[in-house]
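Engineer: Here are the chains, one letter per residue:
There are 2 protein chains.
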Amino acid sequence: MSTSNTGFLADFTVMSSFGATPGGGVDRQAGTPEDHATRSWFSTWLAGHRLREAVDAAGNQFGLAELVPGAPWVLLGSHLDSQPLAGRYDGAYGVLAAAHAVVRAAAAAEAGEFTPVFNLAVVNWFNEEGSRFTPSMMGSGVFTGKLPLETALATQDLAGATVAEALAAGSPASDSAPWLGSIARYAEIHIEQGKILEEQNIQVGLVDRTWAAAKYLVTVDGDQSHTGSTRMPDRRDALYGAALVIAAARELTEEFEPGQLHSSVSQLQVLPNSPVTIARQTVMNLDLRSPDESVLARAMDLLGKRIAEAEARSRTEVSLALTHQWGLNPYSPAGVRLGRAAAEALGFSHMDIMTVAGHDSTNLKDHVPTVMLFVPSVDGISHNEAEFTRDEDAVRGVELLTEVTRRLVRGDAVED
Amino acid sequence: MSTSNTGFLADFTVMSSFGATPGGGVDRQAGTPEDHATRSWFSTWLAGHRLREAVDAAGNQFGLAELVPGAPWVLLGSHLDSQPLAGRYDGAYGVLAAAHAVVRAAAAAEAGEFTPVFNLAVVNWFNEEGSRFTPSMMGSGVFTGKLPLETALATQDLAGATVAEALAAGSPASDSAPWLGSIARYAEIHIEQGKILEEQNIQVGLVDRTWAAAKYLVTVDGDQSHTGSTRMPDRRDALYGAALVIAAARELTEEFEPGQLHSSVSQLQVLPNSPVTIARQTVMNLDLRSPDESVLARAMDLLGKRIAEAEARSRTEVSLALTHQWGLNPYSPAGVRLGRAAAEALGFSHMDIMTVAGHDSTNLKDHVPTVMLFVPSVDGISHNEAEFTRDEDAVRGVELLTEVTRRLVRGDAVED
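These protein sequence lines map, in sequence, to chains D and B. If you're matching positions, the first sequence starts at 1 in this note's numbering and goes up one per residue. If you're matching positions, the second sequence starts at 1 in this note's numbering and goes up one per residue.
Only chain D is shown next, with the shape it has when bound in the complex (with noise of 0.2 Å):
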């Protein structure tokens, strides 16, 4: 059994109906009734394609095909879970590409094209978004020991139910999926989320890096007070602080270079948020990122400055806790190499890349060799509804994962 790439694309807008939202796009948080529909059809899909289906602990979603019994993994994924109102293509697209590269690879290998030396299997990992649960990335996090299983599970939504609430209301676990130790190779293939190929015109791009990032929890403490009575001087207003540090830290970016530092602050909380008392405490993100570990450490030491600054001026309390933070973290030379073979053997265009974004290739990476490859973007626009990738780049990504693939199971070096 193979795949066409009609039937790719045909497969692709079936998919996008789970959780599908007027504007083009889908809404389907992790352990959600759209996400588990989502892994449902999955499911189906791959009893379909004979692959078979393990999910573990963490709720990551496997589609087996054994080729060499008892040896190692090559194992293709991304995620199936969205951001709220999200693209139909971020993650979801990578999951399916994996899943027509598997059963093609599979296919050719039975078919005696090349020896496998490794067993092939996609992978759907749970929560990468981290929109609905904390951290992203959760699924992958637990799969290579960066996130305790007990922790991913009790993690709560704001609503209080729990990721282990959550997957006991889709597909149970089974104690027969892969595990870390078990896997030789990974790649994954990913919409670019930017614009750097559609600006250069090249049909697909090879990661080789990632930017550097700092994130912080930011919490402003103040104090309550009525809103219309309180004298000006005698507020400690929580909202005017935050909004004093989310101006701080986007105007950071404006001291460099264009396109050297990336900073958001997209998620805030706000107590009591009452029409007629002031904020006591706002709690926000705060995200720091860039292509060159020097900007990124000037921004660090500047955003303390300009929070210092916020804190005089509101009054307040700003503590600054710092999350998580990495370098520019390369992807395996090795990888990169063979994934510009496979794109020159199938004569497409390509360019070496950093991502911006992270996936659960960062996680995987850092154990396994690993090629992580990207597809043109329309516009750069993602986590939106109107995220779109063509279809001629869409199947041209699944060819491309299918001859990386090709290329692991046979056993290709990927070690630097």
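Certain hints may be false.
In silico contact screen, one side only, chain B against chain D (beta carbon under 8 Å); selected entries [what the hints assert, rightly or not]: (1) V14; (2) A111; (3) S274; (4) N384.
To give an idea of the chain B side of the interface with chain D (calculated C-beta under 8 Å), a few residues [as the list claims (entries may be wrong)]: (5) E129; (6) T219; (7) D221; (8) D223; (9) T253; (10) G259; (11) N273; (12) P275; (13) V283; (14) N285.
Since the hints were made in silico from the structure, they are not lab data. Computed from a prediction, not measured in an experiment: that's the story for all the values here. For glycine and all other residues, C-beta sits at the position ideal for the given N, C-alpha and C.
Following the hints, position chain B against chain D.
Structural biologist: Structure of chain B alone, referenced to chain D:
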């Protein structure tokens, strides 16, 4: 039956135990179990003091002393509901003071100390605070015809529960409650929630005017996109837009003389409020208040200009909907004179004072002659667990309100 000052303080302590918070305040938002428990205790209190209870369809809870069968009513009251994590005094002090004043004045009339020409009632207005169900002053708004009953009952909290459902969980309405046309006079006492009486060392305030105010609902529309990969110039970040609006509203106050303009933003909703997706929309309240109508007019004009700058800078669209506006709204000068005469008869130091905050009396005074009184707040703290009024000030207020009530019930002139 009459009451003592020590009895008043003892009642106040018991009443403050409903919805009590660890920080010494209360949390009993309208229609919650904590609000119903307080209402239920007050119902028992009314019966114990031979006041007949009646509850109207908007949840306003009355205690009636019929002195002159068929005559109109002198009504005294305030509200028992609170902000989240609020102080014990705001509203609740005024209801209990009114209840004691009703009992004392009724006893004096029955003892033949004066001849009543009106009946006498205390009221606990439903949902003055408006934190759970917007708008504020809901019960008195329905009572005075400013808000349709159907609109009030259909109002939902953030969890989707309606006012009708919240009321049904408590005591049922009776068909014997007073209505606007049967009210002859209204009086209310409240803590100042400001520092003026304390700073000037004055015992009681006679409220002669409200500050002028303009209240807006502000919506900022941007575009969802990825917090990491979206280039800074491409972003249309609705939370950054909100931050600029919040800062602009605050900094507007610095363009006027101290005390001439208060502004606040205290409630903000962020969509989708995800850690990795730039906000597509934010919605917030924004208030401007001034003791000078020309200052308010200039501030409203300047706000429009600052909003246009925030829009341009954040590449968002900001819409500013004026939801409420009022000028320097006078209380009846004859009512102020009556309050002043009562204070002088008791030997209390007094001053005329403006109110920045809205009160149920703001609704009533547009329909019936109204007397509004203040007692001092320590440090002006309000909408905060640390809100405090000294016992001697609290009981002095009960005595003043009792004297005002005697004068109102015997028919002293309050027409201008």
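Engineer: Next, verify each hint and record whether it holds.
Structural biologist: Against the structure, the hints:
1. The interface hint given for B/V14 is violated, since its Cβ lies 25 Å from the closest Cβ of chain D, which is over the 8 Å cut-off.
2. With a cut of 8 Å, the hint placing B/A111 at the interface with chain D is violated, because the nearest CB-to-CB distance is about 39 Å.
3. Hint on B/S274 holds. Least Cβ distance to chain D is approximately 4 Å, under the 8 Å limit.
4. At its closest, the beta carbon of B/N384 sits 4 Å from a beta carbon of chain D; the interface hint therefore holds under the 8 Å criterion.
5. Evaluation of the B/E129 hint against chain D yields a held restraint, the C-beta minimum of about 7 Å falling below 8 Å.
6. Restraint check, B/T219 versus chain D: the minimum CB separation of about 15 Å is more than 8 Å; hint violated.
7. Annotation: interface hint on B/D221 violated; nearest CB of chain D at approximately 13 Å, more than 8 Å.
8. Below 8 Å, beta-carbon pairs count as interface contacts, and B/D223 has one with chain D at about 6 Å; its hint therefore holds.
9. Using the Cβ-Cβ criterion of 8 Å, the hint placing B/T253 at the interface with chain D is satisfied: the shortest such distance is roughly 5 Å.
10. Checking B/G259 against chain D: minimum C-beta separation of about 7 Å stays under 8 Å; hint holds.
11. Evaluation of the B/N273 hint against chain D yields a held restraint, the C-beta minimum of about 5 Å falling below 8 Å.
12. A least Cβ separation of about 5 Å between B/P275 and chain D falls short of the 8 Å threshold, and the interface hint therefore holds.
13. With a least beta-carbon distance of about 11 Å to chain D, the hint placing B/V283 at the interface is violated under the 8 Å criterion.
14. A cut of 8 Å between beta carbons decides the hint on B/N285: the least distance to chain D is about 5 Å, and the hint holds.
Comparing the model with each numbered hint stated earlier shows that hints 1, 2, 6, 7, 13 do not hold.
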